[in-house]
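Residue numbers (the numbering used here), protein chains in the order written: chain A, 65 to 501; chain B, 565 to 809.
Honestly, the hints are just simulated from the structure, not real lab data. Please note that a few of the clues may not be correct.
If we take Cβ atoms under 7 Å as the criterion, some of the chain B residues that face chain A in the derived model are [unchecked claim]:
1) L642
2) E643
3) R669
4) L685
5) A700
6) P702
Quantities reported herein were computed from a predicted structural model and do not represent experimental measurements. Where a beta carbon is used, it is the ideal one built from N, C-alpha and C, also for glycine.
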Amino acid sequence: MRWIDSLILASRCLRRRPARTVLTVLAVTLGTTLLVALSSVASTAGSRIVSKLSNGGPGTAIKVAASQAGSDQIYIDDIHAVGPKAITDATVNTVRRSPHVAGVVPVMTARVLAVPPPFGSMAVSKPGAPAFGDTMVGIDMNQTGNLPITILAGRVPRPGSLTEVSITESYLDHSQLTVSSAIGTQVEIAEPQAFTTAGGVAFRARWVRARIVGVVTQQVGAGALLVPIEQTLLARQWALAGVDGGDAFPLPTSPYSGMVVLASSLNNLHAVRQVVTGLGFANSAPEHLVASVLRYLRVVDIVLAGIGAIALGIAGLGVSNAMLAAVRERRREIGVLKAIGARDRDILRWFLLEAFAVGSLGGLIGTAAGLLIALWVGVSVNRYLAEQGLQSIQFGDVSWPLIAAAILGTSALAMAAGTVPALKAARLAPQEAVAAG
Amino acid sequence: MRLIGSGIDRQRDIARGTVTRLGSAVRLEGLSHWYGSGRTRVRALAEVALEIPAGGYVALTGPSGAGKSTLLSLIGGLERPQSGRLRVGDQELATLDGGRLAAYRRSTVGFVFQHFGLFDLLSARENIELAEALSATPAKLRRRHADDLLEEVGLKDRAHHRPGELSGGERQRVAIARSLVNDPSLILADEPTGNLDAGSAMHIMDVLESLHAERGCTLLIVTHNEAVAQRAEVRYRMEAGRVLP
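Construct the entire structure; sequences and hints are all you get.
Put into structure tokens, the structure is as follows:
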């Protein structure tokens, strides 16, 4: 008998006992739903916890400073700097070519004077005046997804823009603006340059006016303004065209003030840190903290998977029981089929396909239901977080491997559960056909 | 042991071209069979010797428990003989393994049961197609052949009806049509009229005899019904696992 004929026969037989079929499918559905929902929520929660530990960026990000690393740098998560060390394009390229490195994002900062509205033309902050000294943090805006940056409102500047900035909450504190009132306003930025006069070193500024397009929290560098790296590059070139301003405004010695190095996976984070530290750069990454938390999350995963597996096991028993009942009920039909020439493998295939149909249908519905429940949990959690004034968590990521594993897994489980009844059916003596008369 | 004369007549029928071929001869020598084991062991057949020539038409009668159905099961390859020899055509059945025994049932034997043995969720045509599917016949051929067989038993217009929508006699005719899918040389009918009224029973016997006559297959019927048994060319009576002389 061909597979398709066996499948048609199996599907017809399932329709004969609709209540039993529905209940069996329901058992598989519930087991799959539980497993998928738990796995999905645990996976999302786990990745968000790691992201949180990494200040909104990927857990594989290493923050590298333009500083010499202390001797114990590799053993601690925080930066241990013992002196300046320049990060050049050659440094960036060396790290980028190292094994297990997924990417390198250079960071360039520039000290500026920020003047929020209402604008004046004073280059010096006075008591009560809105101008304040701060730092512009410049990055490649195409890489924001790989960096510890969280957008609180609005957006980040467009890549390469010279007229857009995003601000941090520090700017809001200085300007006494709120998130909603700050977005869309302009800020005047004075980029200083020291020059020599007869009386000594004096300062002048290159004035730029930019529009605030978003509010962010960021751990890329200390500064209230997050801008495209092109803006900090211009500010840096302008400063270097002048002279050293001494302690008040020293000339930058390192082309880049830092860089963010992305390891290809959490497992490779330590190896990449070793490379960076080996090059002599102070760096930080939540390596030990993440590893510790991941161990706890793994335990949680195992417990949740265990609960789901128990549910699926019960569903498997349900399939087995239903199939055994079907075998008992169809002794005569099995006998007749054998009497007219069916081989043992024809009978085996018939019952296995019946179990497969129940398992795959239950798996399909259960997976969809599990994902919906995970989404619903996400909405409920976010509603609670919003009520508590906390930042929301993004749920509902569709994990295709999880979906595939759930559907294929339940199908395989149902077939495994149906194996004993199917073997029993296949081994039934054909004289049942005559005896049943 | 007795030679059935009609088998010789059939050789003449083949020569005339009125039947296409001669069915399988059946030869039993010292055949014994038991059920159960130890204290519960029961002898179902005791040293049965019987010879049915190719193309013969034989009826087996006897009381319940006489061993008729057991004999039918053994000849049909549903069970293996435990003692003695059983030869159908050129085949010694005891030497066949499971797969070859299934192939024997598929290609040589056509079973007709008292309970019809039809799948109630399948239509008359699908029941016949299912039997053909066991031989992996292509779907198109199966459908055409099933229609031909239904026509042969006079049920072409009932092809789409399920067993529950057919009368007892019609169901048995579907079962007969199904038994013919592989053009068997041996038809074994276990109480084929047991669930039918007298009129339907005679009609079923007409159908079986007509097929026997046209196809030349060997026909062995187990029955309690004397009227049915009397229609056979040769009758045997069984009692306590023995074929009476």
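Status of each hint after checking the structure:
1. L642: holds, 4 Å
2. E643: holds, 5 Å
3. R669: With a minimum Cβ separation of about 5 Å from chain A (threshold 7 Å), the hint on B/R669 holds.
4. L685: B/L685 check passes; min Cβ-Cβ to chain A is 5 Å, inside 7 Å.
5. A700: holds, 6 Å
6. P702: violated, 10 Å
Checked against the numbered hints given earlier, the structure breaks only hint 6 and satisfies all the rest.
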